[in-house]
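Chains as they are written, first to last, in this note's numbering: chain Y, 1 to 274; chain X, 1 to 343; chain P, 1 to 341; chain G, 1 to 143; chain F, 1 to 651.
A couple of the hints might just be wrong.
[To be verified] Part of the chain P face toward chain G, derived, beta carbon under 7 Å:
(1) 276
(2) 322
(3) 324
[What the hints assert, rightly or not] Simulated pairs of lysine-lysine, DSS-like, Cα-Cα distance not exceeding 25 Å:
(4) G:17 - F:303
(5) P:68 - F:584
(6) X:7 - X:185
(7) F:303 - X:70
(8) F:303 - F:371
(9) F:420 - G:17
(10) P:69 - F:527
(11) Y:17 - F:608
To be clear, the hints were calculated from the coordinates, so they are not data collected in a lab.
Every residue gets a Cβ at the ideal spot worked out from N, C-alpha and C, and that includes glycine.
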Amino acid sequence: MGDNIYLPQLARIAHIKEEVGGERAIKTFRLEFENGGGFEHACGQCAMLSIFGRGESMISIASAPHIKDYKQFSIMRVGRVTAAFHELAVGDVVGIRGPYGNSFPVDAWRGKNLVFIGGGCGLAPIWPVIQTAVAQRGNFGEITVFYGGRSPRDIMYQAELEKLRGAVDVHLSVDKQEEGWNAFCGFVPANLMDKEPSPDNAIAITCGPPIMIKYVIENLRQLGFKDNQIYTTIENKMKCGVGKCGRCNVGKDYVCVKGPVYCWDDLKGLPAEY
Amino acid sequence: MEAILDKKNLNDWIAALDGWDAYAPALEDGVWSYRPASANAALAHPNTVQPPKGFAFPQREIFFRFEQIKGEAPRLTPVQPEPGRRVVFGVRPCDGRAVPRMDRVFADHVDDGYYRARRKDLAYVGLACHKPQSRHCFCKSVGGSPVSTEGLDVLLTDLGERYFALAVTDVGKALMQAGGALFAKAGASERKAVEQAHAAAVAQPQRGVADAAAAPAALKAGFDSPLWEELAQGCIGCGICTFLCPTCHCFDINDEVTGAAPLKGQRVRTWDTCQFPDFTMHSSGHNPRDTLGSRLRQRVSHKFRYFHENFGMLQCTGCGRCVSQCPVGIDIVQVVNRVAGSI
Amino acid sequence: MIDLGALHTQVRDILETGEVRAVVGWRRGSRGMLAEPVTIATPEEAETLVWDPTCFHNLSLTLVEERKKPSWRPGKPIAVVAKGCDARSLTVLMQENCFRRDEVYVIGVSCAGSGVLDERKLAQRLPGVEPDSAAFDGDAFVCATAGGEDRIPARELMADRCLECRDAHPKLNNVVFGEAQPRAFDPPFAALARFEQEQVGVAERWQFWQRQFERCIRCFACRSVCPMCYCEECVVDSINMAVGADTTAAEKANRIRWIERSASRADNIGYHMTRALHLAGRCIDCAECERVCPVNIPLRLLNNKLEREARVAFGYEPGASIDLPALVASFRDDDPNHFIR
Amino acid sequence: MSAQTPYEPKIVAFLCKWCSSAGSDLAGVSRIQYPANATPITVACSGGVSPQFVLSAFHKGADGVLVSGCHIGDCHYMEGNFHARRKLYLVKELLEFTGVEPDRFRMSWVSAAEGAKFAQVVRDFVEDLRPLGPQDKLKAERP
Amino acid sequence: MSSGKRTGVFVCHCGNNIAATVDVVKVAQEMAGEEGVVCTKDYVYMCSDPGQKAVIEAIKENRLDSVVVTCCSPNLHEKTFRDNAKAAGLNSFTCEIANIREQCSWVHKDRGVATAKAIKISRSAVRRVGRNQALEPIAVGVTRRVLVIGGGIAGIQASLDLANAGLDVVLVEKQATLGGHMIQLSETFPTLDCSQCILSPKMVEVSRHPKITLMTYSEVQEVSGYVGNFKARILRKPTFVDPETCKLCDDCSQVCPVVVPNEYELGLTARRAIYIPFAQAMPASYTLDESACLGLNPIVCGKCKDVCEAGAINYDMRPRSEIVEVGAVVVATGFDLYGQDNLGEYGHGKYEDVLDGLQFERLCSASGPTKGKVLRPSDHSEPKDVVFIQCAGSRDPAQHCAWCSKICCMYTAKHASLYKHHVPDGRAWVFYIDIRSGGKGYEEFVQRTMENDEAIYLRGRVSRLYRENGKIRVLGTDTLSGQNVEIDADMVVLALAMQPSTGTAEAAKVLKIGRDKDGFLAEAHPKLKPVESVTAGIFLAGTAQGPKDIPETVAQASAAAAKVIGLLSQPQLSHAPTVARVRKAHCTGCEMCVDACPYDAIHLANGKAVVNDVLCEGCGACSATCLRAAIEVINATPLQMNEMIEAVLNF
Ligand SMILES: Cc1cc2nc3c(=O)[nH]c(=O)nc-3n(C[C@H](O)[C@H](O)[C@H](O)COP(=O)(O)OP(=O)(O)OC[C@H]3O[C@@H](n4cnc5c(N)ncnc54)[C@H](O)[C@@H]3O)c2cc1C
Ligand SMILES: Cc1cc2nc3c(=O)[nH]c(=O)nc-3n(C[C@H](O)[C@H](O)[C@H](O)COP(=O)(O)OP(=O)(O)OC[C@H]3O[C@@H](n4cnc5c(N)ncnc54)[C@H](O)[C@@H]3O)c2cc1C
Ligand code: SF4
Ligand code: SF4
Ligand code: SF4
Ligand code: SF4
Ligand code: SF4
Ligand code: SF4
């Protein structure tokens, strides 16, 4: 079995949390491997999750590498596989193979200030980095998290974000003002410009909808961030996860192998086909 | 190992290949394609419509079956390719050159067990070209040759009534040895004849990519050229050029359900192509390559640039299928030449 | 024969006066002698248009593709050069509101007494030789090769569908070049009749079709080249292609897979039967699907079969009029009932 | 299924709600016995039976497909059965043309009063299907 | 596949009706293995009180959101169980029935086989319900006003019934007066009461009724909307005479120089360009026939205006359109006679003394052109031999009309009888094919005509007639005696076929309602919905729907009125919500569905199909026609069908 790169392991859903409701709902699933299986992963890596009969989807591993008992995934309900995930219950068994892709060079960032900028479902891929940084708080400088959703109901990981406060500077935002919302109102890039984090000795890590990333990168550069200080992830369509099926191909890269994490310095040289 | 095989002994040789299933080109319904070799196989074919890539990378491959009774864990049963050694006769050198390229793809990064399982039991007996199979051939310009042995186990050269057989690999040698007395020793005159035939074949005029070595860089520079959309104007976005290409390898993975109580089905891999609009389309409808031009660019760039950047060689072997079979006559040679020439 | 010069003048004129915003026609292609579809927008390009026996593409497809582009705007018409069959397919497209009549300026070209050639027949007739050009010449095609000129009777090279052409003179047109000439090749459905004579029994037919369908590689060239297959999403697409702003996750999740994308016999048949039924009353026998099929599947037989059935049983002729209701959206009281118990 | 069990054709029967399904109800009320091979799927109108349903049933392994509606002129929706007749005629022709036994597809008009006829239609269909054996031409090979 | 539903399956034993043949416990067990099924129960009588209570309890206990009851035919208990589900707080559309009794246990004996089939049936219902949407009936507001088109007896009767029930009525009549054909009749079978005497009072009642707006000399030009909410545009043609001021003095017509045939008298007399159709015309006013007048603009003659002391004439009147909003429409546009000129064998209508039935009615009428004397038109002499030919144009599919006009036997008998009353010494010859005299007192009436009035009935056809020596020579056969008959007749009366009026064709077009192959208005169902058109809210009355006599016309008119009253008595209409829905992204606007929909429920807007929920009956014709799967009926979607097929085949 180990030889078969397309054969998933089995994992049981141990816990489900509804993060965000509505048409594009997000749920977080905690998966525990069956039959003593498992794998180690690094921050930013992904896994192919399957529901048999429906198919597979590439999903970022949203739990930190140091958590060994389970792997966590936050899945937005958008189509065939993801919608099926949203109908599962605790105890159901799904398929999982991985880990796939490269990872954030967290160790190389020791001693630096970290600025995280996420939007929508884009908090999931960078969450393990935030968790790791917080777990090794002493190893890093200032940690700032910018995160925004369309409305207060679209903010994922709300309770966890609250818990971070103290260790981390958290700046939340919503697109449109709503009653009871006391934090920033406007798009994430605007919030970023409002707070103006310093580029000195800093690394910016951003993840979210493509359009948001585009503006965030522009703004970061305005703030003085160099291209090699900016990291992001790209989500191209993927089927195999092992650099063969050709779908995620951008330029010479198979994103499932060379990505999804990119330093802007490298990414800007690739065709913008993502 | 070099030897001479009388053409009339070809079928006996095939019959002597104990433990091998042999395939050879046959004309059926007006289409040349690889079929189980008949008792009177003759290698008198132009290049086949489909390359032999399906032997190692079939259009449909079952990965595993699944079954799940409600409330229970799914049961997965992997499906392995059926064992059995297969030998493919009559492979033209351009298709032979595709073999190492496919090998690279499927072994790169992690090894694809399905491809490997089929490939390791597969042998190719090639047939050198005396003249271009069609005016669309351009193997020479992409580093190949009508007599190339790359990727082949045996290369046959037609010497009129006889074949000159050259074992390229150990497997090839074994195949020839299995023919035993059917093969005669090749003498100097035959060697000479073969050399001449090869030289004549290589000397045949061919059109081609103007400067293959410069193509990767040229395509990089021409990435944003408006020519792509213009050249793709007539393209209908079908899968012919890629499905028939000996080195195109993109695929899709799908679950095919055959029963719901209990849930039953299989996960299968099927060929896919960058020329289909859904290939890269996200759930949101966003499509990173949403125009015919961008998809043509992907195909051509993959062959002439990205593959080169990754593996140091061009992926295109110049077989000309994508040109001759394209419903609207889009010509990869022209495309490369024009884009490269425009910068 | 038509006067190409006059056609060029016409094209230049309508582009110059701005009567149309572009012209879809054929030009010399990059691959050998073949013509290829092209859309031109300036009067200067008029001269590049050609009309010869290699103009087999049905340009209404190009028009459909134009329409799908975001740059398409209703208003000023776009012109298209159309053979008899192309004009019939334009008629069907207009029947289906794909275009309004005033959105398309039809430049008819008559195949007058001839038709386009069939590459496969050519390859058989001139094995190993590929001509540099082909031209109409009365009842023959003149093929120019390195070795000189070959005058080959049209009948031997002509595409099957042209031999049986229902109407070589484009009826739907704003302007037409060439004469309507009486033709004396085969009656419609001749190939179909031959097939039916050869494969009489159910078992024989199955043997035949099984072999054909098993060969299909699902490259979808037949669908891609078909002007009537302009659906936003085809029943055989493997994922949702028609995604709008209001498409819900549930809708995407619940996409029916009538047919898997696997190239297996049953799924291939599923695809081809579905397509044949979808083209019933719409297929106008341009035979492009059959021409492009890389593995030579005689798709035309399927479509011809239903076209003849529509004609015989329902008195329906596809592409006859813009105002006709679709075959499957209409009925007559005396449609066949004999097969019902 | 064990090898000894005689072959029983599997039939998908699309019955219109107003006539044929009601007719089959009447067969029930009248306790007319007929073979159990046909499993009914009730639809509003035979005119709503898309050719795709028929193809799909064969694809999924039906040995026979029956579409039954109201007699011509009696459609609850006036014209539904006219539409059905035309579309499904084409399906039938196509099946036959491609070498699928024409007897595998059947249409009937059965009114709400024709319980006996419904039973007979099913009986005949089963008998006609038996000699044809299992349908594997259009059936998806999913080993 | 997963649908995220919580479904309960309730398997009924139906005493032994099901349980004797089907292993209900096994069915329940199998269903428990289905995706989404969270509870299964079997019970001896599910439809009994305790059975239903158990369902309710299970719904609540298991927080079910959908229910499948596998039991008897849905025709019996679908409503019961849907209501029951509703009582438990579910939406009634999330309950489906699997029929394992009529379609299974009662028709099979083998327990194994029947159980297997019951499982398939149940499974397909489970899969279907898994994709059902909760739906609420569509509420439609209603306008409590009715449009009646046609002012013959049918329209008059319907209007009065409706108005008397308290509804507002707009009665639109094309002609200048109410009355239709009935007002032209002299006496009516079988009682021979005077037509005018019984109709005029009704006409007066209509004109005076506070609830009825009478619009004569008007035409309906356009109708849009749907049941409960139609909008009609009515063209009111100018009469150039103000009915309020007109004193009916007749001065104007005296001075009018123009003479044209009088339609009311079927050309037997003439009228002027300004005229009143007949004395009792309603509205009681003169009308200026613009097409006959020498010229209004510019005024050429102007004589009538000069003499009108009341000043009722106004040359400046112009056509105007009026929009009325109504909740329902009754179409009563009546019949025309099949044109005499179509009948070559009977002289193409060229002989003056060959009359049609209506002309003969006028000859017999006391108010008619001959003041009630039967005189032949050519020379005003009293005809002594009159030949009546029945089935003139009827029952002749090869050349004329295929149908039986139903009333001709009766009115010919009436004509023969009336003639004999007027000319006792005359001879009345009647050629007939059959005598169809079904109706109360009808057969007796015919017998009286034959016996008391001594009309000579000849069974056979007239092959030809021609003029000779001032007479009409009639050549025919008497098929009973087998002899050829030749009669030198003074007058011939043709019982011409009754055909839908041209106004009927126009109305059908405007209303977009169907007509049958003969052109009569098509009823929604020939047996069960004889007064409804295919389009909800549009009803049919009278001869526009098919040949009939006055009692039948009146009965149908009242029936139509009753239907309308029933319809409009609801404060809101409710329409089944299982209607078609368009998947916009897939629709290409090809209009195939539009053509396929029998209810005209679909139209195109911005290039996409749009379904009018109120008109859609959910038949699915559109969905089966659309190549692109762009339209589907809610709760019977292709997805559901697909899953049901899978369930049945265990795919
Ligand atoms: C590296 C990576 C990390 C991701 N991480 C997350 C995550 O943490 N949470 C989350 O909710 N989503 C994540 N996604 C997106 C997720 O993979 C898609 O939303 C999902 O595959 C949609 O599948 P579906 O079957 O529900 O949708 P459908 O629309 O039914 O799927 C159609 C097909 O398209 C492919 N596809 C469509 N959109 C995408 C996409 N954006 N990316 C990849 N494949 C796609 C799928 O393979 C699927 O087979 C990630 C994608 C990538 C590439
Ligand atoms: C010669 C003869 C003798 C008969 N004798 C008898 C008899 O003795 N006893 C008996 O019971 N029956 C008799 N009948 C039958 C009787 O005449 C009919 O049953 C009856 O008149 C039908 O009435 P109706 O309202 O349906 O139609 P009609 O009387 O034709 O009335 C229709 C009205 O609608 C109007 N109209 C038409 N189109 C439009 C439009 N588009 N818009 C507005 N208005 C429109 C017309 O102008 C007309 O006023 C006789 C018929 C004939 C021909
Ligand atoms: S290039 Fe030719 S073969 Fe390739 S997708 Fe386009 S039309 Fe098809
Ligand atoms: S790209 Fe074209 S010419 Fe090159 S190997 Fe592929 S099919 Fe052959
Ligand atoms: S073009 Fe030929 S091979 Fe390609 S999908 Fe169509 S039938 Fe199959
Ligand atoms: S096969 Fe049918 S659904 Fe597919 S594109 Fe053609 S017409 Fe549309
Ligand atoms: S048939 Fe289908 S595609 Fe055509 S208009 Fe109707 S819904 Fe749209
Ligand atoms: S379901 Fe029937 S009534 Fe409704 S829109 Fe479709 S065709 Fe018309």
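Hint check: residue 17 of chain G vs residue 303 of chain F, CA-CA at most 25 Å. Holds or violated? violated, 69 Å
Given hint residue 70 of chain X paired with residue 303 of chain F - CA-CA distance at most 25 Å: violated, 96 Å
Less than 7 Å between beta-carbons is the criterion; does residue 322 of chain P satisfy it with respect to chain G? At about 21 Å, which exceeds the 7 Å cut-off, the nearest Cβ of chain G leaves the hint on residue 322 of chain P violated.
Between the alpha carbons of residue 68 of chain P and residue 584 of chain F, is the straight-line distance 25 Å or under? holds, 16 Å
Answer holds if the nearest beta-carbon of chain G is closer than 7 Å to that of residue 276 of chain P; otherwise answer violated. holds, 6 Å
25 Å Cα cutoff - pair residue 69 of chain P, residue 527 of chain F: Cα-Cα ~53 Å, so violated.
So if I understand the rule, the pair passes when the alpha-carbon distance is 25 Å or less; does residue 17 of chain Y with residue 608 of chain F pass? With a Cα-Cα distance of about 40 Å, the restraint between residue 17 of chain Y and residue 608 of chain F is violated, given a limit of 25 Å.
Minimum beta-carbon distance criterion (7 Å), residue 324 of chain P to chain G: Violated: closest Cβ of chain G sits about 14 Å from residue 324 of chain P, beyond 7 Å.
CA of residue 7 of chain X to CA of residue 185 of chain X, is that 25 Å or under? holds, 15 Å
What's the verdict on residue 303 of chain F and residue 371 of chain F, does the C-alpha distance respect the 25 Å limit or exceed it? Not satisfied, since the Cα-Cα distance of roughly 29 Å exceeds 25 Å.
Taking only the CA atoms, is the gap from residue 420 of chain F to residue 17 of chain G under or equal to 25 Å? Not OK: residue 420 of chain F and residue 17 of chain G at ~58 Å, beyond 25 Å, violated.
Of the numbered hints given earlier, the model fails hints 2, 3, 4, 7, 8, 9, 10, 11; all others are met.
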